[in-house]
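Asker: Each chain is listed here by its residues.
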Amino acid sequence: MDLLPTFEQKQIIDAVRAHLESRARKTPGNDDFRTAWKQYGDMGWFSLGLPEADGGAGYTAAEEMLLCREIGRFIPAGPFIASMLAARLAAAASLPQAAEIASGTVVVGLAEPLAADAAGPDPVEGTFRTLDADGADLLLAVGGGTTPVTPWAALVQGGADQAPPALPSLDASVSLGQVALRCPPAAASAGPEMLYRGMVLSAAALVGIAERTAEMSAAYAQVREQFGRPIGAFQAVKHRCADMAIRAEVAYAQTAYAALLVSAGRVDPAAAREYAAAKHLASEAAIRNSADNIQNHGAMGFTAEHDAHRYLKRAWVWTEALGAPPAALTLLRGAELTGKEG
Amino acid sequence: MRLDPTPEEASFRAEARTWLAANVPADPRPREEAAGRDYDLAWQRTMYEGGWAGISWPAEHGGRGSSLMEQVIWYEEYVAAGAPPAGVNFVGLSHAGPTLIARGSEEQKRAHLTRILRGETVWCQGFSEPDSGSDLASLRTRGTVDGDTIWVTGRKIWTGHGPVADYQELLVRTDPTAEKHRGISWVICDMHSPGITVRPIKSLHGDYHFSEVTYDNVAVPVENVVGELNRGWDVARSTLGFERGTAFIADQVRLSQLVAELQLLAATRAAAGAWAWGDLDSGGFGTRLAQIAARVAGLRSLTYLHVNRALHGEDVGARGSIVRVVYSELWQDTTRLALEMAGRLGLAFGPDDANGTWSFQYLDSLRATIAAGTKDIQRNVIGERLLGLSRG
Chain A
1 MDLLPTFEQK
11 QIIDAVRAHL
21 ESRARKTPGN
31 DDFRTAWKQY
41 GDMGWFSLGL
51 PEADGGAGYT
61 AAEEMLLCRE
71 IGRFIPAGPF
81 IASMLAARLA
91 AAASLPQAAE
101 IASGTVVVGL
111 AEPLAADAAG
121 PDPVEGTFRT
131 LDADGADLLL
141 AVGGGTTPVT
151 PWAALVQGGA
161 DQAPPALPSL
171 DASVSLGQVA
181 LRCPPAAASA
191 GPEMLYRGMV
201 LSAAALVGIA
211 ERTAEMSAAY
221 AQVREQFGRP
231 IGAFQAVKHR
241 CADMAIRAEV
251 AYAQTAYAAL
261 LVSAGRVDPA
271 AAREYAAAKH
281 LASEAAIRNS
291 ADNIQNHGAM
301 GFTAEHDAHR
311 YLKRAWVWTE
321 ALGAPPAALT
331 LLRGAELTGK
341 EG
Chain B
1 MRLDPTPEEA
11 SFRAEARTWL
21 AANVPADPRP
31 REEAAGRDYD
41 LAWQRTMYEG
51 GWAGISWPAE
61 HGGRGSSLME
71 QVIWYEEYVA
81 AGAPPAGVNF
91 VGLSHAGPTL
101 IARGSEEQKR
111 AHLTRILRGE
121 TVWCQGFSEP
131 DSGSDLASLR
141 TRGTVDGDTI
151 WVTGRKIWTG
161 HGPVADYQEL
171 LVRTDPTAEK
181 HRGISWVICD
191 MHSPGITVRP
201 IKSLHGDYHF
211 SEVTYDNVAV
221 PVENVVGELN
231 RGWDVARSTL
241 GFERGTAFIA
251 DQVRLSQLVA
261 ELQLLAATRA
271 AAGAWAWGDL
281 DSGGFGTRLA
291 QIAARVAGLR
301 SLTYLHVNRA
311 LHGEDVGARG
321 SIVRVVYSEL
331 WQDTTRLALE
341 MAGRLGLAFG
351 PDDANGTWSF
361 QYLDSLRATI
371 AAGTKDIQRN
381 VIGERLLGLS
391 RG
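Taken in sequence, the protein lines are chains A and B. Position one of the first sequence corresponds to residue 1 (my numbering), numbered consecutively onward. Position one of the second sequence corresponds to residue 1 (my numbering), numbered consecutively onward.
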């Protein structure tokens, strides 16, 4: 067991980080991801974990997890995780669009059930909440999981030509929509693989938020002075910063472990509980850390100008996507609901 | 990153599992101190003869010399097999022994290490004082050097297994004029020396684990100083480091067992409509158990990550405090939830009573955020040493 990145994995992290850092400098705040999407595709981000035979880089869910963690640290706009999952689903179904999804020429938004009538994968029907679907060419619909219904995933037309009207969004950098779907899938998975992978990758992005906000707070607490001392010298602030670091470390550890299980192809109930634990811990860490980060920055943290609110808002988007709290907790209750261990 | 065990790790696990299955004592540890001592020492002797004593100790000092990952595997198997906690052997194996290995003279190592491994001697700790808890370096128990002898007078407290101990790792102030960290010596004190009085202290849940030790002109030979005279603070710091080492993994695995037991109990009792555990959803218990289960998974992964960091050559000192905080608060939250789930039946009390065990475990868990550095001190360590925040 080794949960730390190898030398090669660190190089991937460094490359991704360098790119996102420079992009964040050039387009602070609300950038339009569509202009950058082909660039991400060219760098192989959407096909990082696909086999080389499917046009991917031949890496595993571990590298995808590390990529998503960096995305969480910089919160660039765009449906990264939906695209990575869609590229996988399309490649498995040998869809002609697989290469275009991977290259970023086709954009895939995310659709998840909004009402109990939603079902899938063949046909996909019901009312769905969409994320980043404004201008997307395809939708990745993922359902099931909150009930004993087996999770499923499907790639459907539902983008540009019948784009859902954009709704006011908690996170202004993520377009929000609602769409009624009733269509056969272009590609489908009747198993839980996509949801599980999506849970772990969204957990990874949340880990990135938890880590980044913990770092922001510690850095600020070192330099901001009140009563003649850096505020980090006061135990109330120091301990809050310590708790942020603790949550981030636990969330990373569990998410890294979960990513290794995804790489091993595990979909059994014991593995599902590990994925759910990762999602639950990472959501908690990201939401609490980004809220604490606002607190630590005082009134500046409450302004629109400061980045702190952007992390909190994105934390909620990724928490509700792909294994939201009810789904994660249902999976975690497996042992106790069935009365069986293991 | 890597999931699968190496072939060496897999065979180590198999070997440990086989040996433990054949050797773990069948009867439970007696609660009474003297009988408990005999039980713990007999088990230590069994491990010594089986070649498993001192799992983290270097082979040249009689230990198993296992790698960090093997130690993790050992403690996982150890708890899974129902092997007893280290008990009276804890200080010898996890504090005093490793300190002697790191800082002791050849003479001191020869005199003590093998006897600890064989389960022949019991060690206790004499660090805290009534007026020196978190601020340990303010300790005032005097050690007056006179020729070959240090005359010790003062008071120590929170000494575990004091009444049944043979030796003590003892911190005394041998230079009262020096700066507080520079006048302390780490000495080996024979607990059978004249002038020592051990008074057991009753804990809030009725146990007599802790004691207070008073020293009335106790003679300790100067040759019992470990490391240099007046440099005991550095020696003590290395001991505290070991306290947060791999031995805690056993406690963590035990906690995960407790949660699994709780889940099973909740499910079976709910199914039978029995006890207070009737409806898992009425008190939000099902959800809260699920959240606890997630934290247990996180703690196990955190432990792996911690070991990985050490193997990758990172300085893990301050990160040990993260593991400690996560473990101790999770333990407390778990026992609290268990007590709540037990409902009015949980108002019964007693370690061996089917209903009373939950209130006992709940009260017992309160020590976790005090011992080995309070949760406040742990957060100071994380804030100052890991995050670079000012000491204030």
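If you're looking for bench data, these hints aren't it; they were derived computationally from the structure. Idealized CB from N, CA, C, for every residue including glycine. It is possible that part of the hints are untrue.
With the C-beta cut set under 10 Å, the calculated list includes, among others, these residues of chain A facing chain B [to be verified]:
no. : residue
1   : A18
2   : L20
3   : A24
4   : L114
5   : E215
6   : C241
7   : L281
8   : H306
9   : H309
10  : A324
11  : A328
Asker: Would you mind marking each hint as holding or not holding in the structure?
Answerer: Right, here's what the structure says about each hint:
no.: 1; hint: A18; verdict: violated, 21 Å
no.: 2; hint: L20; verdict: violated, 21 Å
no.: 3; hint: A24; verdict: violated, 23 Å
no.: 4; hint: L114; verdict: violated, 22 Å
no.: 5; hint: E215; verdict: holds, 9 Å
no.: 6; hint: C241; verdict: holds, 6 Å
no.: 7; hint: L281; verdict: holds, 5 Å
no.: 8; hint: H306; verdict: violated, 20 Å
no.: 9; hint: H309; verdict: violated, 22 Å
no.: 10; hint: A324; verdict: violated, 14 Å
no.: 11; hint: A328; verdict: holds, 8 Å
Violated hints, listed in ascending order, are 1, 2, 3, 4, 8, 9 and 10; each of the other numbered hints is respected by the structure.
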